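A.B. asks: Use the sequences and the hints to build the structure in full.
Just so you know, the sequence shown maps onto residues 1 to 582 in full-length UniProt numbering.
Honestly, I wouldn't trust all of these hints.
[Said to hold, decoys possible] Derived SDA-like pairs: lysine to any residue, alpha-carbon spacing no greater than 25 Å straight-line:
no., residue 1, residue 2
1, K494, E550
2, K129, A229
3, K245, L177
4, K343, N327
5, K129, E69
6, K129, Q73
7, K342, A396
8, K97, Y304
9, K391, F271
10, K477, F271
11, K256, F271
12, K494, E527
13, K11, A396
14, K129, R182
15, K209, T296
16, K129, L507
17, K209, I174
18, K11, G88
19, K205, E255
20, K97, G158
21, K159, E469
22, K97, I174
23, K391, V579
24, K129, P118
25, K263, P248
26, K391, I279
27, K97, K342
28, K205, I279
29, K494, N327
30, K245, T296
31, K302, V316
[What the hints assert, rightly or not] Pair ranges (Cβ atoms, derived):
no., residue 1, residue 2, range
32, E63, E474, 40 to 48 Å
33, K480, P248, 29 to 37 Å
34, E222, E255, 56 to 64 Å
These aren't lab readings, by the way, just hints derived from the structure by calculation. The model shown is predicted, which means the values in this text are computed figures rather than measured ones. For glycine and all other residues, C-beta sits at the position ideal for the given N, C-alpha and C.
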Amino acid sequence: MLREAIYHRPKQNWAYAYDNNTVHIRVRTRRNDMTEVNLIAGDKYAWEQTNRTVPMALLSSDELFDYWEVAVQPPYRRLQYAFHFYDGKEHLYRIEKSFLPTPPPNGLNLFDFPFVNPVDVFAPPAWVKDAVFYQIFPERFANGDPSLNPEQVEPWGGKPTPTNFFGGDLQGVIDHLDHLVRLGVNAIYFNPLFEATTNHKYDTKNYLKVDPHFGTNEKLKELVEACHARGIKVMLDAVFNHSGKEFPPFVDVLEKGASSVYKDWFHVREFPLRVVDRIPTYDTFGFEPIMPKLNTENSEVKSYLLDVARYWIEEVGIDGWRLDVANEVDHAFWREFRMAVKKLNPDVYILGEIWHDSIMWLQGDQFDAVMNYPFTNAALDFFAYGTSDAKQFADAVGAQLAAYPQQATETTFNLLGSHDTPRLLTLCEGDTNRMKLATLFKLTYPGTACVYYGDEVGMTGGGDPGCRECMVWEEDKQDKALFAFFSEAIRLRKEHEALRSAGFRFLQAEAGSGLLVYERRASDGDERFVIVMNVSEKTADVSVPVAAGEGWTNAFTGEQVVAARGCLQANVPVYGYVVWRQ
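C.D. replies: In structure tokens:
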């Protein structure tokens, strides 16, 4: 046994309350080092009477490590515990500060989970893990009210630039809600809707007013009500890291300098405000002078932004906030933000934009979830770029599954493209088969899935501004077969709990291979899927062992499948897939 590889800490993603009665415990070991891992657990005030040994199951693996997990329900909501490891030859026990060759005596010096306090239980909104989001860049989705057009508006469908406008608005979204219903999505993520000077609206001028080019506050309320009538949730973009150049407090500081009453609303290094060698004398998003960073430690700024967060929930009835540049805002502000939002409506989804490991924001006191870019990168490497094989992809996914508490994994925001990245079909070099595989994996993976507008009809485009083209509404220019695939895959996800649960396991993912086989199970164990993907230029024969006598169905065709000689068998075409359901 490699003792140095064994790791656990009684907090974060390693030991946490999943609900008011259940605690999840995880431990890490070297990959393929153990044949058996057990948890020895009991109540610290009655160790002799309550301790018992519980087998741990292999949760996931990455390149170096195995991650083991067990769910226990302490009778008194307290838990002390140790680990027992067995590699087929040697027994080893791990307590808080050391290893032992024999079981720990009398419950001394064990790991400690003090008490499951319900107020501390991380509980994201239940609806999110059943959601499929659709991301809309408002300026480019649909022009439903030409009277709102900016003066410099260009004809719909023209070439996007960083500064041009095409007249997309809220009425255009209302007019096309039936498209979303046919697709099957049940939640919308809007890029910023509030008054701003740019086409992307990430430079907010007025946080309490819908941009006049999009409509009015009343029109947004009409849109939200129309979405709710169709069973569609609505999430808005909150740009609280920075404002825009025309935000009135910033204008005041520009004009009055150090004498402005708003000077402490921003992070000013030197007055007057100016740009020196392309670097502003005040903190900004990046080094963008039109996006001054807000001082969220300032009590007036906090009060203003929390009022904004409450306003759109109370007055318009939105269902979620996506938080832009969330990792650059202080943790204390996000804790107050969560308390303010959840006090109004516990079911509001709080989603942070963070591109890296996010465990410190996912402890139940800040965000419900983050945008899962580690998932994005791993999926693109495998399905789009072809720079990783099946084993490397499975290792990356295995590390991600172990990185967060299960409830965070169940509601994390899985995406393959957005307004910040090249479109998926472009990354797949126009190959819709590769795009389908990536999309199918996303829709059969734990967490909420997001479709970027237009992907479902075959839109292409490089990085910003290429990924922000006008939505294609001409039917003869839409890929109808691709749309049918998206809608069918979304339907399967919505109809089968097994495809939304945390029950995920790779069955085959070998080095040097593009053949991927994985299993999805419902939380109650009654429903099971086996999914095969051939990410290669050659057809692949696959044989998956199953129990004799089990009945299986091809989930896409409805065809009944006979498991010949105790195996599900198929010849999978180039960049093809098979989805079997038990």
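A.B. asks: All hints are to be evaluated individually against the structure, with a verdict given for each.
C.D. replies: Results of checking the hints against the structure:
1. For the hint linking K494 to E550, the alpha-carbon distance of about 24 Å falls within 25 Å, and the restraint holds.
2. For the proposed pair K129 and A229, the alpha carbon gap of about 20 Å is at most 25 Å, so the pair holds.
3. With a C-alpha separation of about 34 Å, the suggested pairing of K245 with L177 is violated against the 25 Å cut-off.
4. Distance check on the hinted pair: K343 and N327 sit about 23 Å apart at the alpha-carbon level, within 25 Å; holds.
5. Between K129 and E69, the direct Cα distance comes to roughly 21 Å. Compliance with the 25 Å bound is thereby established for this hinted pair.
6. Between K129 and Q73 the CA atoms are separated by roughly 23 Å; this keeps the pair inside 25 Å, and the hint holds.
7. At most 25 Å may separate the alpha-carbon atoms for a hinted pair to count; K342 and A396 exceed this at roughly 33 Å.
8. Taking the CA atoms of K97 and Y304, the gap is near 47 Å; set against the 25 Å cutoff, the hint is violated.
9. Between K391 and F271 the CA atoms are separated by roughly 55 Å; this puts the pair beyond 25 Å, and the hint is violated.
10. Our distance criterion of 25 Å between C-alpha atoms is broken by K477 and F271, whose separation comes to about 54 Å.
11. Among the hinted pairs, K256 with F271 is consistent with the structure: their alpha-carbon atoms are about 10 Å apart, no more than 25 Å.
12. Proximity of K494 to E527 is assessed by CA-CA distance (about 14 Å); at most 25 Å being required, the pair is judged to hold.
13. Taking the CA atoms of K11 and A396, the gap is about 23 Å. The hint holds against a cut of 25 Å.
14. For the proposed pair K129 and R182, the alpha carbon gap of about 20 Å is at most 25 Å, so the pair holds.
15. About 21 Å separates the Cα atoms of K209 and T296, which keeps this hinted pair within 25 Å; it holds.
16. This hinted pair checks out: K129 and L507 have alpha carbons roughly 24 Å apart, not beyond 25 Å.
17. Restraint check for K209 and I174: the C-alpha separation of about 19 Å stays at or below 25 Å, so the hint holds.
18. Under the criterion of a C-alpha separation no larger than 25 Å, the hint pairing K11 with G88 is inconsistent with the structure, at around 30 Å.
19. About 16 Å separates the Cα atoms of K205 and E255, which keeps this hinted pair within 25 Å; it holds.
20. Under the criterion of a C-alpha separation no larger than 25 Å, the hint pairing K97 with G158 is inconsistent with the structure, at around 64 Å.
21. A hinted pair counts as satisfied when its Cα atoms are at most 25 Å apart, and K159 with E469 qualifies at roughly 7 Å.
22. A threshold of 25 Å between alpha carbons decides the hint, and for K97 with I174 the separation of about 60 Å lies outside it, so the pair is violated.
23. At roughly 20 Å between alpha-carbon atoms, K391 and V579 fall within 25 Å of each other, so this suggested pair holds.
24. For the given pair, K129 sits about 21 Å from P118 by alpha-carbon distance, which is consistent with the 25 Å threshold.
25. Distance hint between K263 and P248 is fulfilled; the C-alpha atoms sit about 12 Å from each other, no more than 25 Å.
26. Restraint check for K391 and I279: the C-alpha separation of about 44 Å exceeds 25 Å, so the hint is violated.
27. Taking the CA atoms of K97 and K342, the gap is near 38 Å; set against the 25 Å cutoff, the hint is violated.
28. The suggested pairing of K205 with I279 holds, with an alpha-carbon distance near 22 Å, which does not exceed 25 Å.
29. This hinted pair does not check out: K494 and N327 have alpha carbons roughly 32 Å apart, beyond 25 Å.
30. Taken as a hint, the K245 and T296 pair is honoured in the structure, with Cα atoms around 17 Å apart against an allowance of 25 Å.
31. Between K302 and V316 the CA atoms are separated by roughly 21 Å; this keeps the pair inside 25 Å, and the hint holds.
32. In this structure the supplied range 40 to 48 Å holds for E63 paired with E474, their Cβ-Cβ distance being about 47 Å.
33. About 48 Å separates the C-beta atoms of K480 and P248, a value inconsistent with the hinted range of 29 to 37 Å.
34. Between E222 and E255, the C-beta spacing of about 37 Å breaks the proposed range 56 to 64 Å.
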